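Enquirer: Chain residues, written in single-letter form:
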Amino acid sequence: MIPMHLVYTMILGLALLVFVLNMVRTRRLQERYALLWLLAGLTLTVAPLLVPWLDQIAYAFGFAYPPALLLMMAVIGLLLLIFQLSLSIAHGNEQLKVLTQEVGLLRQELEIMKGQAEHASGMPLEPARASLERGDHA
Amino acid sequence: MPAHNEATNLPQVLPAVRAAAPDYDIVVIDDGSRDGTASIARGLGAAVVSLPVNLGYGGAVQTGFRYAVRNGYDLSVVMDADGQHDPTCIQDLAEGVLSGGADVVTGSRFRGMMKYRQPWLKRAGMAFFAWLVSRITKRSVTDPTSGYQALNNDAMRFFADENYPVDYPDADTLLILYYAGFRVIELPVTMRERISGVSMHSGLKPIYYVSKMLLAIAMVLLRQKTHMQPRRAVTQ
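Top line first, the protein sequences correspond to chains A and B.
Under the numbering used here, read the first sequence as residues 1 to 138, first letter to last.
Under the numbering used here, read the second sequence as residues 1 to 236, first letter to last.
Isolated chain A, as found in the complex (with noise of 0.2 Å):
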């Protein structure tokens, strides 16, 4: 018979299983980021199994609190996915910087065949270059 707190702890992880599968499910998470979660689901169903154990492997590892080695386990994994997002920020700001390059540039190229085009025709292309000023004052 598993003790009570440990069948909570088997529900929790569960449910997080649940939870981010459906989110992957459902596009609202993408593969690569659900990994970790998923990882940390199944530790925490699977981990009340293996208590004796980690007790076990605790003392061998000279912890006098057993518990302290799944506490430091949890933080190593969260330090984990927290870096993972600070490595997804920085990436996704590199190709946001270059985007808003290339819409400025491209806006100004647009901006310049526009006034040779109304050159050409003598006619002024109005309705896009009025979308334009707005979107320099968005």
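SDA-like cross-link-like pairs, simulated, lysine to any residue; straight-line CA separation at most 20 Å: (1) A:K97 with B:A160; (2) A:K97 with B:N5; (3) A:K114 with B:G45; (4) A:K97 with B:V69.
Sample of chain A residues facing chain B (criterion: CB under 8 Å; computed from the structure): (5) T100; (6) Q101; (7) V103; (8) L105; (9) R107; (10) Q108.
Covered by chain A, per the in silico footprint, the following chain B stretches (three or more residues, Cβ under 8 Å): (11) 42-53; (12) 58-69.
Calculated directly from the structure, the hints in this document are not laboratory data.
Note that the structure is a prediction, hence the values are computed from the model and not measured.
Here a beta-carbon is modelled for each residue, glycine too, at the ideal position from N, C-alpha and C.
Following the hints, put chain B in place on chain A, whose structure we already have.
Expert: For chain B alone, kept in the frame of chain A given last:
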């Protein structure tokens, strides 16, 4: 010329630049301004590249390099839009590049004239990094944070692709240029108090700045040791 909310300064700055450098094309990079910077610059006859969101100084300057490379310019001079950089120095900086003596010429306020005061702590920090860069590059560098620069096409292309810092070009940028094989020299320029508005350096946390710069310099040196440094592209 990167510009973020400089609508009040441009009517003074752009005509002064035009007068000092009549045969130059002026490009204002409107860095997500919300005060009509773009239309004012356009009205004053400058080409304007409007960024839809604010990228910050480095991102705006790099946009300028990309513009210059795309449109086939041989030389570009980067200067602030807030009136700090005296336009009469443009020709001096450009001459340093055009004479073939350097790929990048930076304008030093400490060799030239600085018509305003700075807090001693900031001066001490700048002096330290100037000393560090001078030591490493074995050239006298007095003003590593100067944003007043002239660059030839090779240097622009080097910065247009990557290799340009997101926030501000600084001591680490000079080291990157040095290790990439570019010749950088300093010439005296005049810098004044900005005409109006708040400088982008205000509220800068000195501790954050110094540790970030130390990390950036350490990384440049480490990349050099591990052969990860970007090199100047070989051009015929």
